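Please model the entire structure based on the sequences and the hints provided.
Next come the chains, spelled out residue by residue.
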Amino acid sequence: MNKNFSFKLHFPILVFGIAAPFLFPGLQLQIATLWVMVLFALTWDIMGGQMGYNSLGNIMFFGIGMYTSVLFQVGQFAEIGAYTAAHGGDDFTFTNAQYYQGLVIGIIMSGVVAAIAAAALGWTVFGLRGPYFAIGTLGMAIAAGELMGTWEWVGAGSGISVPVFPGSAEARSLLFYFLCFGAAVLTFVVLQWVYKTRFGLAVNAIRDDEEKAEAMGIHTVRYKTVAWAISAFFVGISGALFGNITGIIEPLEVAFPTVTFGIFMVAMTLLGGKGTLWGPVLGAVLFHTLKEVTWTYFLGWQWVALGVLIIINVVFFQQGIMGWLMEKFPEKFGIVVENKEATR
Amino acid sequence: MTNYVIEVEGVSKSFGGVVANKGISMKVPDGKITGLIGPNGSGKTTLFNSIVGYHPIDEGSIKFKGEEISKYRVPQIARLGLLRTFQQTRIYSNMNCIENMLISIPHRKMKFVDMFGEREAKETMEEVDRLLDFVGLYEKRKLRSGDLSFGQQKLLEFAMALMNKPEVLLLDEPTAGINPTLINGLIDRLRRANEEFGITLFVIEHNMRVIMNMAENIYCLAHGEMLAHGNPEEIQNDQSVIDAYLGAH
Amino acid sequence: MVLVAAPVFNVQLLLDGLFIGATFALAAYGLALVWGVMNVKNLAQGDFVIMGGYIAWWLGTQGIHPLWGLPIAIVVMFAFGWGIYVTIIRRVIDKDLFTSLLATFGLAIVIAQLLNLMFGPEVQTAESDFAIRQILGVVTVAEIKVLAFVLCGILALAVVIFMKKSRMGQAIRATAQDPRAARVMGIDTDKVYAFTFSLNAAICGAAGALISMIWVIQPFYGISYSIRSFVIVTAAGFGNLPGVIMAGLGLGVMENYSGFVLGAEFQQATVVGLLLLVLIWRQVQQRKLRQVVS
Chain A
25 MNKNFSFKLH
35 FPILVFGIAA
45 PFLFPGLQLQ
55 IATLWVMVLF
65 ALTWDIMGGQ
75 MGYNSLGNIM
85 FFGIGMYTSV
95 LFQVGQFAEI
105 GAYTAAHGGD
115 DFTFTNAQYY
125 QGLVIGIIMS
135 GVVAAIAAAA
145 LGWTVFGLRG
155 PYFAIGTLGM
165 AIAAGELMGT
175 WEWVGAGSGI
185 SVPVFPGSAE
195 ARSLLFYFLC
205 FGAAVLTFVV
215 LQWVYKTRFG
225 LAVNAIRDDE
235 EKAEAMGIHT
245 VRYKTVAWAI
255 SAFFVGISGA
265 LFGNITGIIE
275 PLEVAFPTVT
285 FGIFMVAMTL
295 LGGKGTLWGP
305 VLGAVLFHTL
315 KEVTWTYFLG
325 WQWVALGVLI
335 IINVVFFQQG
345 IMGWLMEKFP
355 EKFGIVVENK
365 EATR
Chain B
13 MTNYVIEVEG
23 VSKSFGGVVA
33 NKGISMKVPD
43 GKITGLIGPN
53 GSGKTTLFNS
63 IVGYHPIDEG
73 SIKFKGEEIS
83 KYRVPQIARL
93 GLLRTFQQTR
103 IYSNMNCIEN
113 MLISIPHRKM
123 KFVDMFGERE
133 AKETMEEVDR
143 LLDFVGLYEK
153 RKLRSGDLSF
163 GQQKLLEFAM
173 ALMNKPEVLL
183 LDEPTAGINP
193 TLINGLIDRL
203 RRANEEFGIT
213 LFVIEHNMRV
223 IMNMAENIYC
233 LAHGEMLAHG
243 NPEEIQNDQS
253 VIDAYLGAH
Chain C
13 MVLVAAPVFN
23 VQLLLDGLFI
33 GATFALAAYG
43 LALVWGVMNV
53 KNLAQGDFVI
63 MGGYIAWWLG
73 TQGIHPLWGL
83 PIAIVVMFAF
93 GWGIYVTIIR
103 RVIDKDLFTS
113 LLATFGLAIV
123 IAQLLNLMFG
133 PEVQTAESDF
143 AIRQILGVVT
153 VAEIKVLAFV
163 LCGILALAVV
173 IFMKKSRMGQ
183 AIRATAQDPR
193 AARVMGIDTD
203 KVYAFTFSLN
213 AAICGAAGAL
223 ISMIWVIQPF
233 YGISYSIRSF
243 VIVTAAGFGN
253 LPGVIMAGLG
263 LGVMENYSGF
273 VLGAEFQQAT
283 VVGLLLLVLI
293 WRQVQQRKLR
303 QVVS
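Protein chains in written order, with my numbering: chain A, 25 to 368; chain B, 13 to 261; chain C, 13 to 306.
These aren't lab readings, by the way, just hints derived from the structure by calculation.
Careful: at least some of the hints might be erroneous.
Restricting the straight-line Cα-Cα distance to at most 25 Å, the calculated cross-link-like pairs of lysine-lysine (DSS-like) are [as the list claims (entries may be wrong)]:
(1) K220/A to K44/B
(2) K177/B to K220/A
(3) K352/A to K107/C
(4) K75/B to K44/B
(5) K352/A to K154/B
(6) K356/A to K154/B
(7) K356/A to K220/A
Computed from a prediction, not measured in an experiment: that's the story for all the values here.
Following this line, the structure appears as C-alpha cells:
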C-alpha cells in the first residue's frame, strides 16, 4: 500500500471519529457499533485473510471477553454468585472509584483472558487444516454459548448485568463511544505494525503454502498461535465494551451471537477484500451503513439477503473490493517490473 | 578422511503392502555434490521424504552430522540446516519475489520476539537483491511470484533455498520441466552454490547428462533397493544400472 | 443412578440412540460422498436434512402421509441439489478449500432463514399415526422408529448397490479417484459432480423426512446436523461405509446417554465435545506420522 494514500485516509477518519458523536448525536450508538464492526473485520482478517485460516468461531472471544470483563468489574468488590442471584445492580452499588477501577481492569483482562483462551484452544485446532479448522471453531463458539447458558454462577440463561454507570446517560454513551473508537484505532495501528514485521510475511507464507513454510523451517505453530491470540485479544476487548453498552449480558443473543456478529465479521471482510489492511475497514463501513439504512425495509428477508450476499461474494467476487482494485490497477500497489538501472 | 553430513543406515519404508525403500544405506559427503538416480518408482522421492521428515520410517537410522533425525519433524529438520525443494515447485504464490525471499531467511535461532523483528534490515535486503540477481529475477522482484513462468518459479525456489543458508540442500529434480537452454545456466548456478556458498547438494535427477556432469558421487536405486554406487564413470558402465534403465525387470 | 438401578432403562436409551443414529449415519454418508468425490465440504448438509424434514412435514399437514412424503422429499431434494450445483457449487469446485466451505455456509444461512420465514420458528413433528409398543415392561418402542431404522438400512443399501453396479456409480467412483484421468477417459465429470451433489441432497432429504417422523425439526437445527455429519465423517473417514454406520449409530447412542445423564441442554454441547475429541484424536494420529509440530 502506497504511503501517501494511507495517510490521506488516516487523517479524515480520525477527524470523523472524533467529531462524529458531536455532529450526529442521534447516531452515536450506530457509529460506535460501526467501530466495533471495523474491529471485528480487522481481527477476522488476521486469520481468515492474512493467514488463510477461516475461523467461523471468532465470536467466541467476544463472549469470553464480555463475561471476563463483567466478572472482573463485579468480582473485585462483590461475590459473583450473590450478585447474579440478586439479578444485578439494584442491591449492589459501586462507588465511582470502584466503577472505574473495575472497568479498566475488566477491559484489560477481557483481552488477556481471550488471548490466553485462543492460545490454549489453538493447540487443539491448529493441527486442523482447512475445513476442520472452520468447523471446529464454529462448533466451539456454539458450545461456548450453550455452556454459559447452563452456568448458574454467572446467571445461566437469564444472564448477568454490568455495574451501573455512575454518571449521566450522555456521559456514559460518550465514554463508550470513544472507547469503541479507540479500540478500533488501536487494532488498526497494531495490525498495521505487525503486518510490516516478519510476522506479516510468515502468516502470508502460511496462507500460501503451509507445507512449504514448514519445510523452510518457519515456526508455523508459534505464528499461528500468536495470530489467533492477537485476534482474540481485540475481539475480547470489544466484547467488554459491547457488554457495558448493552448493560445486561445474556449468553446466546448478546455474548455469543454466532449467527449475527459471528457471520457479519466474515461477510464484511469478504466484501472489502480479505488479506488487505484496508479491505476489512472498507467492508465493515459499507456493510454496516448498508445494513443500518436498508435493514428495516427487508421485512424479515434481511437474513436471507445476508446469506445471498455471502454466496455472491464468495462465488463471483472472491477478491473483494480491495482485491479487485489491486487486479485492476497493479501499478498503484507497486506491482511493477523494474530494471536495475532505474533503482540503483 | 571424508566427513559425511547425511548417513542413512538400513532404512526401510513401505506404504501398505508396497515396499518403497528396503534396507537402504548411503552417505552424503560434506561439501560435495551427490546424485541419486533410478527409474520412475524406484523410491527416490520416498527416501528424500524420509530424510527430511515427511513420514516415519519403518526401520533403520538417519543421521545428520551425527545426530539421529529419523524421529524429528519437518520444521525441526529444516532448522538444523537440512533443506529440500519440491518436485512440484512450491513458492508462496500470492507474495512477490522479495517477500518470498525475506521470509526464507534462516529460522534456526529465531526467538519468540524475533517474530516481530524488522524484516527489511539492510543486510537482508542486500542479500535478497544479490540472490535474486544471481538467479536472474531481479527485474521481476516486485511481481506476484504466482505470475512468474514455471522456470522462473523454479529459480525463485532455488534462490529461496539459498537464502535459508542451509548446510545441505536436497533437490528433487531441479531441471524437470525447464527449457533445455536454461538447464545449462541452472547447472552452472548449482555448481556455484556448491563452490561459493559451500552448500552440500544431494540431487535427484532424471537427466543423465546433467547429473553425470555435476555429481562426484552417484547412488542408483531400483525397486526400492540400492543398486549401485560410484563415480559417474563407474555408474555409466555398471551393467545392473543399464539393465534397470533399459527395463530388464 | 437410575441407569444402574433399572438396567432396563439402558435398553430404552440404547434403542432410541440407535434409531436416531441411523439417520445421522445416512446424512453423514451423503457428506462423505460429496467430500470424497468432489472435495466439497458442505456446511449446508444439516440444512438439506432439515429441508427434507419440512417437505415431509408440510405434506403431512396437507393430508399426505409423511411416509409418502419420504419419496417426494427425495425427488424434490434431488432436483434442489441439482439447482444448487448448477448455480453455486459448479463455480466454486475448482477454487481453494475455503471457497466451497464459505459458499455453503452462506447457503446454510439462506435455507435456514427461508424455512423460518415460511414455517415459523416452532418445533415440528410429522404425525405418522403409528402405534407405540411396550417391550420388557417399561421400554417403549414406537413402530415408526423401527420402520425408519429399516428404511435407513434399505436406502443405504440402495445407494451402495447403485455405486457398485450402475454406470453412473462407477463413473462417480472413477472421478473420485482421479478426475483428470476420468475426464480423459471420456467421463463427463461435470455431470458426475452434478449427480453426486444431487444424490447427496436426496440422501439428506430422506434422512430429514425420517427425522421429522421420529424426532423434531426446527429451521435452525440444521447446523447441529452439519456438525454431526462432520463428526461422523471425520471419525470414520470417507469411503468407509461400515465406519460411517458405526460412528453414526455410536453418536446417536452417546448423545442419548449424555442427554439423559447431563440434561437435555447439554446435548448440543455433547456433539461439539465429541467433535473436538475426534479432532484431537486425529491430531494425535498425525503426530505419530510426523505431520504436526509442537
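Consistency of the hints with the structure:
{"no.": "1", "hint": "K220/A to K44/B", "result": "violated, 39 Å"}
{"no.": "2", "hint": "K177/B to K220/A", "result": "holds, 23 Å"}
{"no.": "3", "hint": "K352/A to K107/C", "result": "holds, 21 Å"}
{"no.": "4", "hint": "K75/B to K44/B", "result": "holds, 17 Å"}
{"no.": "5", "hint": "K352/A to K154/B", "result": "holds, 16 Å"}
{"no.": "6", "hint": "K356/A to K154/B", "result": "holds, 12 Å"}
{"no.": "7", "hint": "K356/A to K220/A", "result": "holds, 18 Å"}
When each numbered hint is compared with the structure, a violation occurs for hint 1 only.
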